Amino acid sequence: MTAMPASTARARSDHLVDIREVVDALDPQTAGAEMHAIIRELYPICRSITGEGLRRSLRVLQRVAPLTLHEVATGTAVFDWTVPREWNLTAARLSGPDGEVILDADRMNLHVLNYSAPFRGKVRLDELEKHLFSLPEQPSYIPYRTSYYKEDWGFCLSHDQRARLRPGEYEVLIDTSLTDGSLTYGELVLPGALTDEVLVSAHCCHPSLANDNLSGMVLAATLARLLGGVARRYTYRFLFVPGTIGSIAWLALNEEKARRIAHGLVVAGVGDAGRLTYKRSRRGDAEIDRAAIQVLAQSGQDYDVRDFTPYGYDERQYCSPGFDLAVGSLTRTPHGEYPEYHTSGDNLDLVRPDRLVDSLRRYLEVFEVLESNLTYVNLFPRGEPQLGKRGLYGSVGGGSHTAATQIAMLWVLNLSDGSHSLLDIAERSKMPFADLRRAAQALEAARLLRAKDRSG
Amino acid sequence: MTAMPASTARARSDHLVDIREVVDALDPQTAGAEMHAIIRELYPICRSITGEGLRRSLRVLQRVAPLTLHEVATGTAVFDWTVPREWNLTAARLSGPDGEVILDADRMNLHVLNYSAPFRGKVRLDELEKHLFSLPEQPSYIPYRTSYYKEDWGFCLSHDQRARLRPGEYEVLIDTSLTDGSLTYGELVLPGALTDEVLVSAHCCHPSLANDNLSGMVLAATLARLLGGVARRYTYRFLFVPGTIGSIAWLALNEEKARRIAHGLVVAGVGDAGRLTYKRSRRGDAEIDRAAIQVLAQSGQDYDVRDFTPYGYDERQYCSPGFDLAVGSLTRTPHGEYPEYHTSGDNLDLVRPDRLVDSLRRYLEVFEVLESNLTYVNLFPRGEPQLGKRGLYGSVGGGSHTAATQIAMLWVLNLSDGSHSLLDIAERSKMPFADLRRAAQALEAARLLRAKDRSG
Amino acid sequence: MTAMPASTARARSDHLVDIREVVDALDPQTAGAEMHAIIRELYPICRSITGEGLRRSLRVLQRVAPLTLHEVATGTAVFDWTVPREWNLTAARLSGPDGEVILDADRMNLHVLNYSAPFRGKVRLDELEKHLFSLPEQPSYIPYRTSYYKEDWGFCLSHDQRARLRPGEYEVLIDTSLTDGSLTYGELVLPGALTDEVLVSAHCCHPSLANDNLSGMVLAATLARLLGGVARRYTYRFLFVPGTIGSIAWLALNEEKARRIAHGLVVAGVGDAGRLTYKRSRRGDAEIDRAAIQVLAQSGQDYDVRDFTPYGYDERQYCSPGFDLAVGSLTRTPHGEYPEYHTSGDNLDLVRPDRLVDSLRRYLEVFEVLESNLTYVNLFPRGEPQLGKRGLYGSVGGGSHTAATQIAMLWVLNLSDGSHSLLDIAERSKMPFADLRRAAQALEAARLLRAKDRSG
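Residue numbers (the numbering used here), protein chains in the order written: chain A, 1 to 456; chain B, 1001 to 1456; chain C, 2001 to 2456.
Don't take each hint at face value.
[As the list claims (entries may be wrong)] Some chain A residues well away from chain B (every beta-carbon gap over 12 Å; in silico): (1) T82; (2) E287; (3) G345; (4) E384; (5) L387; (6) K389; (7) V396; (8) D417; (9) S421; (10) E444; (11) L448.
[Stated by the list, open to error] Straight-line C-alpha distance at most 25 Å; calculated BS3-like pairs for lysine-lysine: (12) A/K389 / B/K1150; (13) C/K2150 / B/K1389; (14) B/K1150 / B/K1130; (15) B/K1452 / B/K1430; (16) B/K1122 / B/K1150; (17) A/K130 / A/K150; (18) B/K1130 / A/K389; (19) C/K2130 / B/K1389; (20) A/K430 / A/K452; (21) C/K2122 / C/K2150; (22) C/K2150 / C/K2130; (23) C/K2430 / C/K2452; (24) A/K150 / A/K122; (25) C/K2389 / A/K130; (26) A/K150 / C/K2389.
[As the list claims (entries may be wrong)] Now the in silico label distances, taken between C-beta atoms and shown as ranges: (27) C/R2306 / A/V396: 55 to 61 Å; (28) C/S2299 / B/A1451: 53 to 59 Å; (29) A/D424 / B/D1024: 42 to 48 Å.
Hints were generated in silico from the structure; no laboratory data involved. For clarity, every value in this text was computed on a predicted model and none was experimentally measured. A virtual CB, placed ideally from N, CA and C, is assigned to each residue, including glycine.
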């Protein structure tokens, strides 16, 4: 694939465009195929919270958007945590009593307990069992298991396969290393007119799991590329971090920058067939919460809104009480609520190109709301201004239906007293935000309205 | 009809009465017949936003209540608008190829496009069609159409009749005048103990349309007459104005007076068979909103409450952000929601005498709430005062039901801490306002309670 | 019965225990039998708002908990009221035309109008009828009627019996006395670490009525005994008062103490088979209201919550506007809503031992919430602290279900920003208060959390 696919290339042209144009120019088929192609490329790489797999994956994303890689050395104290030793996998194989290879991380990297310590030796089945992980209730799936902070070794396999293991002596080869090194994360900042920032954060530490979270990584990178070509009021910060330790490390090393984050979304699980789900920030009714809900409500699709809970993805960290950032999470089916979650069932088939593009579109629309959610002041606040003489109103009166465009103008005029933003007006009028935005633009062009503070 | 019908005459006697007595004295049959008689008298007059038809109509209302007529000269700037030239209709006739008179504004004034420019001449059918207005989906009704601010001429007719027009040459006679003159409105102020005002505003510009808004004009005038005989805490201001331009003109010329309006209702469409509908003020929870909803909730009838929208009647102007007055609208079926709206179907049969009186009664009750919505202070706030020794409580105890009058007294005593008005108490207790008012009066007479501030 | 039944004796041991241990140690069968036995002992005594019956009843309760008896002399002014003359009953009998005894207060003390003035003489049936009280719609029940503040005499009887009275002359013997004496109430204070008080108030003036309110009297006394053995943050005050005049007298004579009441419950009607019902304090959303609702919501049983009304039991006085104390009422079926209310049907069978214990348990649980509803401060507020290294989190990651104990810890950490109490966290997380309390204790032990203000 090329660094800049045709479907979205024009966003990078010299003059910056309105975000709405990017939405309108999205070609579901091309964009979906491009995003899915990168997911396929990333799928076989063995990622973890540190190591070469993570690094290689971020380099693939650099072909989509120009993110910078940062390294945080092993042993660095980040709040209550310490950056662990770097983990790398050379090989992991389990051979049976007859010498046949039963599990091989080269073919499926979920087979190795993620962060497994090195081990080599022969063990009898009863001893081996203590190091095996399977799912009795989903016997055909290989589970995804980790042991980041307790040194251990192990294999993950389907329960069906486990049931077939015969007594005898097994040969374990876990050729991994746990050495001083660093934790890697990717970052990209798109400056805007304001120093206030919008954060997009994706976790990148999961190995061969397609929806959670290759879909999120690729959506975030594609979003970064598209927003690069957009006229931006806000500054946008994209973080590609290993889960938990990565966001904690970033927060610990960038506390001052974190205070600039005005709005944020944690992106994950955006490719499955389920409906979109918005999880509110800890604040519960922040502008990002209202913008996301506005977009979902106007999408014409079924959707779900959840209150904040202190478990889930990295919103746990961004919304910890010492930061309490206005960061929500926009996903499709929430983590843990689809049967393939954190198993080998979360594969390339689970992620659908059209759903990726639908999710991408909603992210863009949320940012469209943030970008254009200005507060206007009606310059003719006493009585209604005469729209007719400015060509904004029909000349024959008396009909029982007023056109939606005129009603949108009346709403914007009526509530633009300096204390209602367009989002406030959308919520009160129950009219689509985009209609009200257009009405505000028409009224501003007719000098009936002015933005209260273009910079803020 | 006489200036002061028997059914309501006593309200004008020398000593002013309590508004409740006026409500109780309302005789539905007599009052309904009187109101309908005035509507019948007004119906044939060709009203518009200026002109003799409007003036004549206001003079008819002067026989009901002593309103004053004001004239605002053509060309007067009123905020973003300019008072237009005065329009008067002498005749409007359309004759067919065979010379027969097809449409005649003398028989039905809806036939002429309201504010039609003068025109006289012969036009072929295909040219005439550009000047005709009809309703394909309501083929038997003549639509009401206007062209106030764009000079044009035209006829309105039923779609059935239009379908029968044969090709050929038609003779158009539109004998109207558009000349410098003035815009007329009626006003009546009933002074009260307070300079704070209650506004009642009715639009008077519609020609032969009975519910919208002869019903509102006549209800407002009747209300003015009745309130003239009532002991008033508030000052009441009645406005009879052409829609939009009239209320804008009044606001522009009376900005300081407008600031005194503490509560207001726009009256329109109060004679049809539909349920009562209250449209909240822009503020949404103003005292007028709560008073109106309280009255409807206690009416024992089905009713509807709507949030404010910036389209509708003159509440659009009173609730424009530069004024944001606490003005709601109490109607029966809302504008545009009944099939006869703004057509010849809105005729004398659509308006029912009994519904007019029911609407009138609710207006009076809303004002009763406003008038008596005082905040009291319990003079025995520690524990309950002993009602029994004052004859306010039954002497034999132990029964499981406490009489409503005693429960009303307990509510008033319990919440009269100086920060709850009677309306607050009605809302919290879900008891009828009138019961609580009576309880407060009994407690005040027993010196257990005193009004916090009689004047405010 | 003994002063300290085995089932609850350990609460009085030398070292004070956690209230949760008292709840867990409650033996429904023993405790229920003990409480019902006291109710049976109290049932035949003729109580009123003053007099020997009231005094004797309080002395029975002294065997359960060491309450002190106070006397307030006849004629004492208590706010708007005056303590009445003391009433005592020696005998009350009605004999028929044939000399047979028809009614005898010795057999059923409801037969005498409570506070009946003395009377002796012969009256004809038509005269007698003016002094009889019965219930035509519940013809088999004897009503409970009083005449405290109007001197009168009378008998209460079943309507069936009344219907059988034949014309003729009846002999009335009402041997009562109304003399200067005093009003008696019981009081018990259990000091705690705080001077802030929790009030428990039971009315004690009803004669042979088992649910209303022998159940409340006995529950309050049992609660006092159990809380005596508990480590207390709050000071607890128990009042056993005649209804209305008793609580008013206490408030009038203890105004300063009343201001220390931070939370309170009026206990009554706690033994019938109905569901638990919480009636909010006048404040509506006080901590006691939220604690009680939390307990009911987590009880796993059907329950009901009612808004405050200024009628009911002594919450009327505690919530009068001059005090406005945070006092709610926790009952089973509310007063007046069961057919046996204030009739002879409210007898020993209506009160069920298991329901008494269930009610007692909920009172204890409400106080457990109040006692432990602290506000904590997360000492590692930036990002999550690493629970794993402290043994508070599983070491193998990736599973889709997080244990409830860990989720409880995440909630407590996330919301412990110094402005959320454990009750706030319970309401937001919808997790059981007890789970969150345990989580907070574990986190405090791990030095991740500290209580903001142990004393307050």
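Right, here's what the structure says about each hint:
1. The non-interface label for A/T82 is consistent with chain B: the shortest C-beta to C-beta separation is roughly 54 Å, beyond 12 Å.
2. Non-interface call for A/E287 relative to chain B: holds, since the shortest CB-CB distance, roughly 22 Å, exceeds 12 Å.
3. Look at A/G345: its CB is around 48 Å from the nearest CB on chain B, clear of 12 Å, so calling it non-interface holds up.
4. Listed as outside the interface, A/E384 is inconsistent with that label: its C-beta sits roughly 6 Å from the nearest C-beta of chain B, within the 12 Å cut-off.
5. Not every C-beta of chain B lies more than 12 Å from that of A/L387, the closest at about 9 Å, which undercuts listing it as non-interface.
6. Against the 12 Å criterion, A/K389 falls within the reach of chain B, whose nearest CB is about 7 Å from its own CB.
7. For A/V396, the non-interface assignment is contradicted: its Cβ lies about 6 Å from the closest Cβ of chain B, within the 12 Å cut-off.
8. Under the 12 Å C-beta cut-off, the non-interface status given to A/D417 relative to chain B is violated; the minimum distance is some 4 Å.
9. Under the 12 Å C-beta cut-off, the non-interface status given to A/S421 relative to chain B holds; the minimum distance is some 14 Å.
10. A/E444, annotated as away from the interface, keeps every beta carbon of chain B farther than 12 Å; the closest lies near 16 Å.
11. The Cβ of A/L448 does not lie farther than 12 Å from every Cβ of chain B; its closest approach is about 9 Å, which violates its non-interface assignment.
12. Taken as a hint, the A/K389 and B/K1150 pair is honoured in the structure, with Cα atoms around 9 Å apart against an allowance of 25 Å.
13. A hinted pair counts as satisfied when its Cα atoms are at most 25 Å apart, and C/K2150 with B/K1389 qualifies at roughly 9 Å.
14. Taking the CA atoms of B/K1150 and B/K1130, the gap is about 15 Å. The hint holds against a cut of 25 Å.
15. For the hint linking B/K1452 to B/K1430, the alpha-carbon distance of about 23 Å falls within 25 Å, and the restraint holds.
16. Restraint check for B/K1122 and B/K1150: satisfied, since their Cα atoms lie roughly 22 Å apart, inside the 25 Å limit.
17. For the hint linking A/K130 to A/K150, the alpha-carbon distance of about 15 Å falls within 25 Å, and the restraint holds.
18. Proposed proximity of B/K1130 and A/K389 is supported: the alpha carbons are some 22 Å apart, at most 25 Å.
19. Of the pairs offered as hints, the one joining C/K2130 and B/K1389 holds, with about 22 Å between alpha carbons and a cut-off of 25 Å not exceeded.
20. Between the alpha carbons of A/K430 and A/K452 the distance comes to roughly 23 Å, so the proposed pair stays at or under 25 Å and holds.
21. Distance restraint check for C/K2122 and C/K2150: the Cα-Cα separation of roughly 22 Å lies within the 25 Å cut-off, and the hinted pair is therefore satisfied.
22. Of the pairs offered as hints, the one joining C/K2150 and C/K2130 holds, with about 15 Å between alpha carbons and a cut-off of 25 Å not exceeded.
23. The suggested pairing of C/K2430 with C/K2452 holds, with an alpha-carbon distance near 23 Å, which does not exceed 25 Å.
24. Distance restraint check for A/K150 and A/K122: the Cα-Cα separation of roughly 22 Å lies within the 25 Å cut-off, and the hinted pair is therefore satisfied.
25. A threshold of 25 Å between alpha carbons decides the hint, and for C/K2389 with A/K130 the separation of about 22 Å falls inside it, so the pair holds.
26. Distance hint between A/K150 and C/K2389 is fulfilled; the C-alpha atoms sit about 9 Å from each other, no more than 25 Å.
27. At about 57 Å, the CB distance of C/R2306 to A/V396 agrees with the hint of 55 to 61 Å.
28. A beta carbon spacing of about 46 Å between C/S2299 and B/A1451 contradicts the range 53 to 59 Å that was offered as a hint.
29. Remark: the range hint 42 to 48 Å for A/D424 to B/D1024 is upheld by a beta-carbon distance near 45 Å.
In this structure, the earlier hints numbered 4, 5, 6, 7, 8, 11 and 28 are contradicted, and the remaining ones agree with it.
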